[in-house]
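Trainee: Chain by chain, the residues run as shown.
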Amino acid sequence: MTPLEAFCQQVINGLAIGMIYALIALGYTMVYGVIQLINFAHGEVFMMGAFLGLTVFGAFAGGAWQGNSLVLAPMFIAGMAGCGALGVAMERVAYRPLRASPRLAVLITAIGASFILQNLMMFVWGPCDRSFPGFFSGAGLDLGVVRVTAMQGFIIASSVAMMVGLQVFVTRTMTGKALRAASEDMVAARLMGINVDRVISICFFIGSGLGGAGGILYGMYYNTITFHDGYLAGIKAFTAAVLGGIGSLPGAMVGGIVLGMGEGMAAGYLSSEWKNVFTFAVLLVLLLCWPSGVLRKARHE
Amino acid sequence: MLATLACAGAICGQQRSVKIGFVGPLTGDQASIGLDELQAVHLAVDEANRKGDVIPGCRLEVVALDDQHTPAQAVAMAKRLAADRAVIAVIGHVNSSCTLAAAPVYQRARLVQISPSSTNPEISRKGFDTFFRTCATDDIQGPQAAEFAIRKLGARKVCVIDDKTTYGKEIADRFEVRAKELGASVLLHESIVQGEKDFSPLLTRIKALGPDLIFFGGMYPEGALLVRQAKGLGLKAKWLGPDGLYVPAFIDLAKDAAEGVCCTFVGADVSGVDSAREFLNAYTKKYGTIGPFAPHAYDAARIVIDAVRRAGKVDRKAVLEEVRRTNDFPGVLGRMGFDGNGDTTLRLISVFEVRNGRFRYLGPARQ
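Note that the protein sequences, when read in sequence, are chains X and H. Residues 1 to 301 in the working numbering are what the first sequence spells out, letter by letter. Residues 302 to 668 in the working numbering are what the second sequence spells out, letter by letter.
None of these hints come from the bench; they were simulated from the model. Small disclaimer: the values here were computed from a predicted structure and weren't measured. Heads up, none of these hints are tricks.
Taking lysine to any residue pairs in the SDA-like style, the calculated list, with each CA pair at most 25 Å apart, reads:
no., chain 1, residue 1, chain 2, residue 2
1, H, Lys498, X, Ala150
2, H, Lys532, X, Val145
3, H, Lys537, X, Phe154
4, H, Lys498, X, Ser158
5, H, Lys481, H, Lys537
Far from chain X, some chain H residues (derived; all Cβ distances over 12 Å):
no., residue
6, Lys320
7, Lys352
8, Val363
9, Ser398
10, Thr467
11, Gly638
12, Arg656
13, Gly664
Where is the CB? At the ideal position from N, CA and C, for every residue including glycine.
Work the whole structure out from these sequences, hints included.
Mentor: Have a look at this one:
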């Protein structure tokens with residue numbers, strides 16, 4: 001393996017995990033864009049997606065579905081819809097009643113929701129590492145000695161598809177326009193006849209659904225999931241959202257990819273032991289140069 | 302009604318209960334090891350109670366506490382046991398870091414502690430006269446793993462990974478030293494962080510170095526991820542690990558990537574020892590699959606029970622004295638006693654390899 005080939009392999013490794021970070025980061029950034037809340041429970045929603053996917057797989061496994069990748073369809077549908085519904089419910093129960101309260105109060109509620117969800121997962125699915133089924137049975141594309149596994153390809157392709165879909169939805173549909181309007185100025189949007197509560201629910205539904213899809217991809221990629229995995233992944237995705245400019249959708253995508261790549265390069269070329277230290281040191285510098293994120297668009301007051 | 306209750310109370314009161322503490326991770330990612338050991342302790346205690354010959358009129362009871370494999374929690378649990386005067390011995394803890402943190406508490410309380418699975422050598426060199434263990438230590442396991450890797454597997458170029466814990470780093474460091482002594486070249490020694498999931502950048506770097514063997518000093522959750530991701534990257538090197546991988550859960554999590562992975566273990570192959578057959582049957586009948594350290598915990602509990610029987614009274618100091626005197630005890634792992642530091646005199650390291658989804662015994666690490 002030449003240094004160039006090793007570099008290409010590191011790029012692919014970083015891209016795959018970066019795409020998952022980006023999917024989670026979209027949930028943080030969408031919610032923040034509309035109600036300026038850091039939804040700390042989002043990491044747990046992401047993990048919930050992985051567990052829902054695992055449960056659906058368990059229900060379908062065996063019989064005609066044995067070894068058939070088509071089982072991914074019900075897994076993703078259930079995981080995304082389930083997480084979407086969970087996000088909407090969470091907003092109704094925990095965040096909406098506090099919308100007029102100081103922002104710190106909602107932040108504390110979000111931390112509480114995170115603990116509740118984490119313990120709920122431990123209660124339902126147990127405290128031990130759970131094995132997540134592997135797909136595509138180690139198939140891959142060998143470009144010389146550089147190897148793109150089918151799983152990495154699937155992560156990259158499906159994430160790009162979801163991001164493109166989201167972009168089209170936000171820029172080309174009426175609901176998307178309402179969403180943008182609400183994030184620009186909620187009061188003005190309400191005066192224009194936009195049902196802001198509905199827009200917020202939609203925003204939670206989509207953000208949580210994408211997080212759930214990220215959770216399933218994460219489970220498929222690493223093949224083991226635990227109830228507390230959402231914490232670290234959530235923190236990293238949140239960082240990605242801030243890096244890209246919180247509130248900005250393209251920012252979250254770019255932030256996720258940059259973070260994933262940065263981690264990969266730090267672990268691959270410097271030290272895997274200190275990779276988080278290097279990664280966050282780089283982020284610190286980036287945020288010193290662009291305090292509101294790399295892609296945060298300027299707002300005209 | 303009240304009279305009946307009072308009577309019942311009096312009858313129970315006649316049978317004093319003598320408590321044996323067990324501490325280990327009973328929740329969290331290492332719960333399976335803690336539960337295996339706890340079940341073995343229960344088995345030993347139940348057998349003794351059935352015979353009823355320990356101390357006449359007394360019943361043995363197990364107090365199980367969860368240290369969540371964190372040292373702070375381990376100390377808190379140790380204090381609880383030390384404060385309960387009915388506790389006459391402790392089996393635990395599971396993890397070296399926890400055992401090390403809790404040992405001073407037991408020392409002050411003159412409470413004997415036998416760990417079935419804390420393999421870090423430093424613990425017994427700190428002068429705790431209440432500490433004993435039934436497993437061999439990492440200063441034996443690490444070097445013997447290196448001897449096996451180089452003499453038996455013929456490895457010339459090795460990479461070493463550890464998980465930065467007291468256990469994993471110690472064993473990896475000692476592996477590295479011995480491997481170098483035997484003439485192998487160590488191409489890289491890197492640490493990973495426990496709880497992380499993505500090790501492919503490090504493995505890509507290792508792939509570029511082209512080792513013929515990779516040694517991982519750590520536990521099975523990270524071990525399983527490492528071997529799976531290595532397989533995904535097309536890394537062909539042989540994997541070798543310590544007893545942290547010798548857990549059925551490792552194969553469950555690593556699936557087909559576990560095939561061919563070798564691991565060392567601080568004891569004999571129990572399934573091949575006659576003295577262990579009865580225990581194995583009783584354990585699997587009651588609890589199903591057996592974990593690697595269940596025999597060590599079973600032997601630890603039986604050594605304690607035997608010491609209580611010999612002491613003939615419920616007294617911590619007397620029990621401690623009798624445990625120290627243990628010599629040539631017929632355990633399921635073999636005949637054992639303790640040296641001056643509290644380490645077991647049984648020091649055999651065996652090697653297992655995963656074949657067709659099961660651990661197969663390859664032989665002792667040192668021939």
